[in-house]
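Chain X: place on chain B using the hints.
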Amino acid sequence: MAYMAMSLHAVNHRLTNIPVKQLPPLASSLAASLSNCGELLSTPQSQKSKSDSDNAVQVHKLMTRLASLLQDRSVEGRWTAVVLVKTLVEAGQWEVLRGSEPFVRGLIGILAKSDPVSTKKMSIITLTRIFHLTYQYPTLVREITTPSLPGFITSALNLISIKPSSEPVRKLKPNTPFLDIVLNAFGELIARHPTIFRPFTAQIHSVLQSIIGSTEPTYPEPILEIAQQLFISLHNCAPKNTSGEEWKNACRMTITSIHATSSYILRAVVEQWESVDPSLRQLSQPQNYSQEVGNGPDALGLSSWQGLPAGVNRLVVLLRMLSGFLDTATASTVTVPLGSILDLTARLNMVTYPSDGEIQANPQIGRAEREHLLTELPRIHAACLRLLVGIVKTFETAIIPVAQTILEQALWVFRAEKFSREVRTAVYDLVRTLLSHMGPCMTKQGVTSLTGVLRACCHDLLPPPSNQTAAAEKSDPKSKSKSSQATVNADSFLNPGLKPSRQLSSSPSFVELKRAASELLVAVLSHAPTELITPALRAEIDRTIIMTSDKNAMLASVLNPFATMQGRGVGISIMPFLARSHPAEMEVDALIRPRMPVLMNAPGVNGYTVADDEDEEETETVLEPQNSTETSGFLKPSVTPNLHQDMMDVEMTPQSSSPTMNKRSFAQETEVPTPALSTATGGAQSKKVRVEAEEPKAPAQPSLGAASPATFTGTAAISVPSSSITATAAPKPVVSMTGPSASMSTTTPQPRAVAEAAGDDESDDEMPTLNIDPDTDDEDEDE
Amino acid sequence: MLSECFIASTAASGKTPASASLRDVGICLHEFQPTLNLRSTFKKSSTAANCLAVSPSHVFAAQSEKAIVHVYSREKGNQEATVPFPERIRSIAVAGGKNGDVLVLGTEGGRLILWETCTGRQIATTASHLRPVTSLVVDPTSNFILSGSSDASIHVWSLVDLLSFTKPPSGRDRQPPNSPIRTFSNHRAAITSIAVGHSAGRYNIAVSIAEDSTAIAWDYRTGRLLRTFLLSANATCLTLDPVDRAFYVGYGDGSIQSVDFYKSQSIQHPLHDPSLHSTPVQPSADDRWAPPSPDSGAAHTLTLSYDGMTLLSGHQNGKVLSWNVGRKKYASTVADYTHPVTNLLMLPPNGLSHPSFDLTRMSHTIVKPRYDHTLSESSQPLGTVPADYTFSTHLLPTVSRPSSRPNQFTEAFTHAYFPESMLEEGLAELAAFDQGNTNTNVPSHAMSTGISDEEAFAKDAQIAQLENDLSLLKKKASINATARQTTTDEVTKLRADIANLHDYITELHGKQEQAQHEKILRQARKEERETRRREAWFAAEKKGKKGDAVLKKLDAEDTVMTSDTDDQSSDEQ
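One line per chain: the protein sequences are B and X, in this order. Sequential numbering from 1 applies to the first sequence in full-length UniProt numbering. Sequential numbering from 1 applies to the second sequence in full-length UniProt numbering.
The shape of chain B in the complex, shown without the other chains (with noise of 0.2 Å):
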């Protein structure tokens, strides 16, 4: 607090005493101190004690101080300002927000001067904070949020557009800096504060409309993206009620937009579509095919466009906006008309690239507008995939109904048009998405349709064909037609029933190819089910996760092995290239050295009542590593005594004479038949005997019991290679025992007993001479 205070003090002092001209560049340096003192700004003031009246006349003086510079006559003033103010919103938090009317004031009157654009960015973004800040108190949001509320969003639009008449219409300025800002401004408030933009809804919408319209100078993607994001979230500004109805037809409405832009752009072809939609059926209008291809205004009062390049452009923009309906948060319950958009998808995913050069073409199109129109169908293909991969991700489980019918179109592009990464990275997106949802369940058939999506996925997941040697013989005579390349594609060496994806070609740059590609074949190993995958695609799955030696893939086929038909060869894994590639990866350890803390498995319900002295030692004893993990959860306070009380019992297993545990058993006394380690096999065994001359050390200090707790956690150590190399030997379950009386007491003498053990290494002179570190030391002690 001292400290805070005495930060205030100086930040105040350079505040008023520093030239506002040279303040911008302290600026920084002072909202970090005040960031600091959060603590100090947030205090209520109602406790007055002495020291505490003198920090609040400090903060009232930096707040007025702060008004005052808002109102600066220098650009500079007002710039730091800015800065500070959103400093202090953000850590005075209440107590600064219920002062802060004059700043809004101030922070308004700023966009209508001439300042420079960051102040006014600046100034966007903290009212934006004010703002939201202040939606958590009632109280808050009627003193300052709605009476300032309009005034921001009318000098915000007026940053952005011009507003030509009395008509609620606006027209979007050309090269406006602010727009960003602006719209994410917009986006963050609009579905807390409805009411307040609602007046403003016909002029939000018109210049939405112009920046998702237009076509002569698109707008970046961010951009258009908030835009189509606070197209969709104008919903929330319906009369109380209707919103749900207002998302509907908007949602509606960019379909039947969707379909008309189509119907434009496909006329090069004949389409074989057929809505299932009667009211769709008769959409076609007839349209002069003389003319370059074009389109008016549309349902959702876009304008219009010309010429093909644009009208994909328009198209791919609705199916972007389209999918936003689907992840933009709704004000209430809405209806999303599934049938309708997968119909949509249907007849833009139908019309595919001809495999065979045969395409139903329409007549009365030239050849040059066909020709254009088959170029750009993979990016309309790509983005009606990734409209499928949106309705997935919202749906989830609830997809299973439909998809069976998306996986399909997918399939379908797929076929056609795998040779545009474009297309296959959205392929599979979605093929991973959907198998997490409907892949337990799949059939044989399911599984075989797939092949050709796997093997262009290994495929691209490959590195480059250079490296492969043993493919150059092999080629056969349709690779020559391909000279340039010099070498022989691997896929020749992979299976040579995969010529049609002969020209696919990547390149190590294309991460998003990459990652959807191994996040792929992560799906379809943990997903489908592994005796419907042949052979053949499983060996050449396998092989691409053991070139790329990608962790997660490399997880799931070990998990996942392949199933063994009866009398045909031993079950393969690629569990060596796992341990070899990621050793000290935790999931590896897991999963080849498994330490499942076995509980309820002690057959004797009296050994849990014995709940003296010695057992709480014993405790000590076997408070090894291994246990580490768990016991860790339970240092942390739970929230819930309750709970944790009962968590606890999960380690309090009772101590009992059972055989599983005759690997620490030598620690106590009574019970110290000296296990024949009959489980230990292999290459355990050398190790194992090592452990073994140990364990003889142990026994032969008999005050063991009494001994202090740093001997314990010596004796435990020991235990710690023997217990693991049972682990690997015998991947049975390590029964952890934790004393009954073992309460939240006995978790932290742990780190205690084992510093104690640490550091009483030279003075304690009945210890025996064991070391904490249990695998060097070992070999040391034994020569």
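No lab work stands behind these hints, which were simulated from the structure alone. Wrong hints could be hidden among the right ones.
[Claimed, not checked] Residues on chain X that point at chain B, a partial pick, calculated with CB under 7 Å:
no., residue
1, Thr384
2, Ala387
3, Asp388
4, Ala416
5, Leu423
Positions of the beta carbon are idealized from the N, C-alpha and C atoms, including for glycine.
Leaving out everything else, chain X in the frame of chain B:
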């Protein structure tokens, strides 16, 4: 705040509850932790076992001896709808992952009815069970439904196949559509309860109990039997440990038994050890936990807390008992609802912040089922989604929605003040503004009076370029300044070094001089001594004494006097 609740439903009985708050109540939402208290109640419901299902937004209760399902809204706390069905409903379950969008109903006639609560679509399966479907579970992937019937068989259904508009090509093994994909028929008597493991992977298990006093653990993905447990009596209810390490059964006498999978010391996973598949196991009677009093009546339902360490059981006498799993015994009586408690469902705890618990959408109201005409009629082309297939839901704002890329606004919005980059940009602009205030006034004015876009654009570009240049120059200047600073520093340091060296030299000179001086002194002393000796010698010779003896004496005196014996003196001796 973290809290854990359970939902209990009761079957109507002749008794009247003691407390007025429980009158007429059929379903209770009870807070279990941190404090035990009744949160809310839903009235007018009487459910048999396995007839209660809960989704995040609704509670579904199939009424016993009736063909209706009561739907209660959890948000509003009231009864939202009463949905009639063509047959009596004997069991229900919710499918559809965390959102619970599909309600699965098992009917008296042995068929399943699937109702998509967000779309109103309803699908009925073939009546593959010969007797009523008494227990239903949906697996964690929401892909399989397991239905147990009193005809002693358990059917596994593919939820995807049942719901899908497009039937997968060529169907499954020439089966009629909407039929089970697998049947498990190792039980010899009516199935009482089924529990399914918590894994989403391929090696998930199911445990089922039947009236033949057995519990069987099996693999529902393959239909393979994993282990048979011979219980000491007919178990009535069943629940599985959250880690699938054990299961718990309740008996007609109110006692509970825990059956641990990890009893044996096998190197393989005990359930997947093929050598044990055919050997039935008899769990020891020690694992049977006695009820506190014999009058508690049969245990109808079991549920486990989130941490898996507290077991709740609902009994015939209306009591909900809690059992400590670690201590393996009865712990306390949690609630008393007077009527027989037939269903207990532990709800996931509130207040655990985990992205997978967050709902992205919420259905505030259900859409009542309408018959799916696409299946019966052939007016639609097969396999297409009808245009009027709509899904009503409320899309919720989510924090974790992957916003495409960090944009300037969101970054600044949540920053403690403003990001450094933005402040720097502002500073640069201020500097430019300051300079340009005098001379850029004219072009900015010109711009507003209407110049073409290209020009404005060019201007913008030019300004940006100028700004770039400016920042470059600034950087250069600062580099220069630093360089100059370093040079000066170096020079100062060198000067200081020189001064030091000078000092050192002077010091050395002084030392040299001193040494010289000392040498001279020594010389003088020596000469003086020589003279003295000579004089002494002469004097002694004069006196007639032995001059040498005197010399020796003098020498001895000299060595005492002058510690420094130099070469010259030794030479002379």
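Hints and how they fare:
no.	hint	verdict
1	Thr384	5 Å, holds
2	Ala387	4 Å, holds
3	Asp388	6 Å, holds
4	Ala416	4 Å, holds
5	Leu423	5 Å, holds
Figure legend: structure checked against the earlier numbered hints; every hint is met.
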